[in-house]
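Required output: the full structure, derived from the provided sequences and hints.
Just so we're aligned: the sequence shown equals residues 3 to 144 in our numbering.
Watch out, some of these pointers could steer you wrong.
In silico lysine-lysine, DSBU-like type, Cα no more than 30 Å apart, as pairs [to be verified]:
{"hint": "1", "residue 1": "Lys126", "residue 2": "Lys101"}
{"hint": "2", "residue 1": "Lys141", "residue 2": "Lys73"}
{"hint": "3", "residue 1": "Lys94", "residue 2": "Lys136"}
{"hint": "4", "residue 1": "Lys92", "residue 2": "Lys126"}
None of these hints come from the bench; they were simulated from the model.
These numbers were taken from a predicted model, which means no experiment stands behind them.
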Amino acid sequence: MAIINGRIQRRGSRRNADINMTNLMDVMMVLLVVFMVAAPLMTSGIQLDLPKVGGGTLNGKETSINISVDKDGGYYIGQSRIAPETIIDKIKAIQGENKDITITISGDESSSYGSVIGLMALLKDAGFSKVGLKTEARKNKR
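Right, dumping it as structure tokens:
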């Protein structure tokens, strides 16, 4: 310790124990942007050409299961192909406690009508009442 101008000063540096909020907020903003960009990419399944319809896009809610039907008539939940005879058991397992879950069918534009409607009938017969179709909005050409 040294006495300078009547004050006692300690040798060495004094540590700053404050949290720098600016750096913390910058990191949090970057994480927020990363998750906002990445979240829609995580919900996609297989690549489909959805049919174009007039008006707005018809989508399922956040509490929905998306089943995809490819052009060959195969059924997919996410990236994994599901056999038609096991699809009801798989959906009931995913449904779990949420009895109000919505099932959205995304059928490829070149898939057969029978594959999509057959899946809808299978789901309706199993007792699922909230079944819908996913489409894309048609771009107006003027």
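So, going through the hints one by one against the coordinates:
no., hint, result
1, Lys126 - Lys101, "holds, 14 Å"
2, Lys141 - Lys73, "holds, 23 Å"
3, Lys94 - Lys136, "holds, 21 Å"
4, Lys92 - Lys126, "holds, 15 Å"
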